[in-house]
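K.L.:
Use the sequences and the hints to build the structure in full.
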Amino acid sequence: MSIGPRSPILFGAALLAGCSAPGEDVRVTLCKGLVLTQGAASDWRVETDQPGQYQDLEIRLQFTDGAGRRANAQCLYPYRAVEDDALALADPLSVYGTAPTRLRIDGREFSRRALAEAVSAAMGAQAREWADGVREGLEQAARELSGD
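In this text, residue positions in the sequence shown follow our numbering: the first is 22, and each later residue adds one.
Treat the hints with caution; some may be incorrect.
As the list claims (entries may be wrong) - Have a look at the derived ranges for each label pair, beta carbon to beta carbon: (1) E104 x L166: 43 to 53 Å; (2) A88 x A142: 13 to 23 Å; (3) D105 x A163: 46 to 56 Å; (4) A142 x A163: 29 to 39 Å; (5) G168 x Y100: 46 to 56 Å.
Hint data in this document are derived by calculation from the structure and do not stem from the laboratory. Glycine included, each C-beta is placed from N, C-alpha and C at the ideal position.
P.N.:
This is the structure:
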């Protein structure tokens, strides 16, 4: 198989195909992933509460669980900025950590250990989803390069 001029573009597209939820903040994506470690969920509604400076960020989710009931979750992310800078002005959520310090689903507070296990499971699921997207993108690129 020869490598044509489109190969770098197709390879880049394949890598980007593995990225999920473009435009969605990583904290929201992880919070949803934490909910999904506890069972099926759909019909998401997201609220982000940015409190005053130096306080935790709260992401609130409302969703439909696997049994069809409305449920809610809260993920709290710690304030991590050392100083205000241009990045904080351009992306206000960047001043918060990317791993939650607290998780509540329908009022049930997760212990630190349960939260760590849920984060590990959610990150594993995201990694598998990313790898599947990359694999599909590479297969599509290979088909296009071979002319199929």
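K.L.:
Is the hinted range of 13 to 23 Å satisfied by the C-beta distance from A88 to A142?
P.N.:
20 Å, holds
K.L.:
Given a hinted range of 46 to 56 Å, is it respected by the beta-carbon distance of D105 and A163?
P.N.:
Holds, at about 47 Å.
K.L.:
Taking 46 to 56 Å as the hint, is the beta-carbon distance of G168 and Y100 inside that range?
P.N.:
54 Å, holds
K.L.:
Range hint 43 to 53 Å: satisfied by the CB atoms of E104 and L166?
P.N.:
At roughly 48 Å between Cβ atoms, L166 and E104 fall inside 43 to 53 Å, so the hint holds.
K.L.:
Taking 29 to 39 Å as the stated bounds, is the beta-carbon spacing between A142 and A163 within them?
P.N.:
32 Å Cβ-Cβ, so the 29 to 39 Å window holds.
Checked against the numbered hints given earlier, the structure satisfies every one of them.
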